[in-house]
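According to my numbering, the sequence shown is numbered sequentially starting from 1222.
No lab work stands behind these hints, which were simulated from the structure alone.
Just to be clear, a hint being listed does not mean it is correct.
Mimicking SDA-like on lysine to any residue, the simulated pairs with C-alpha atoms at most 20 Å apart in a straight line are [stated by the list, open to error]:
#	residue 1	residue 2
1	Lys1401	Ala1434
2	Lys1459	Trp1449
3	Lys1436	Lys1459
4	Lys1287	Leu1470
5	Lys1288	Ser1277
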Amino acid sequence: MMTFKAMASTVLALALGAGVASAQQLDPPIDAQVDANAASADSQVRVEEISTATDSLTADYRLTLKKIESLNIFNRQLTQVIDSQNEELESLQRQIDSVEEVGRSVTPLMLEMIEALDQFVQFDVPFLADERKTRVDGLRVLMRRSDVAEPERYRRILEAYQIENDYGRTIDAHSGTIDKNGEQVPVDFLRVGRIALVYKSRDGQEYGVWDHASKAWQVLDSNDYANWVDEGLRVAKKQSAPQLIRVPLPQPGGAS
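Generate the whole structure from the sequences, applying the supplied hints.
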């Protein structure tokens, strides 16, 4: 029979052996952690280098944002309206099985949405004015038709809102006219989101930009902007590859 002293020695030896084994098993994770820390340090150095290189670009970008904030407010307003109406739609979807009930609850909301869209179009940058007004008028006609169900009416209204929202993220070229001293002059328009609406006369002798603050056109110095506007028109018409272009913005006092 093993004595108490012998048993204690055996237990101590086993404990020491287990401790050594555990220490040996910890070595690989420690090495992995060291490697991970080194990789993290390298990544941080790269991040700091990139951050330093982009500081000046960030400053320029922030300055540009301040100049166009007054125009972006219209796009933000539209987004808020859509978000609000989508919340209403989720609530109304639960009632879709009852056409009569949906009609009573949705119709006033849809009429309000159409009026809000009409007001937005009237006060927005004046691009594709006839097309956008016709779309709103068509929604009013749709609301009077007895053969169109409430869900279809609502879908068409949301579709119109989505089209307006997309205007803020696209570039477009189209033909139209501007009023010059009571005369309708044909021009080519370049629209860059809702940031800038520019025109070029058909003879290429005059360029202008819409000043939303004064609700009027400002004539641009063709020497400064002709090449940029022409290139923008080619990009919008898909006649040239997408690229960065210089966008003219209206300036206080009529200077651009």
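Hints breached by this structure
Checked against the structure, the only hint that fails is number 3, while the rest are satisfied.
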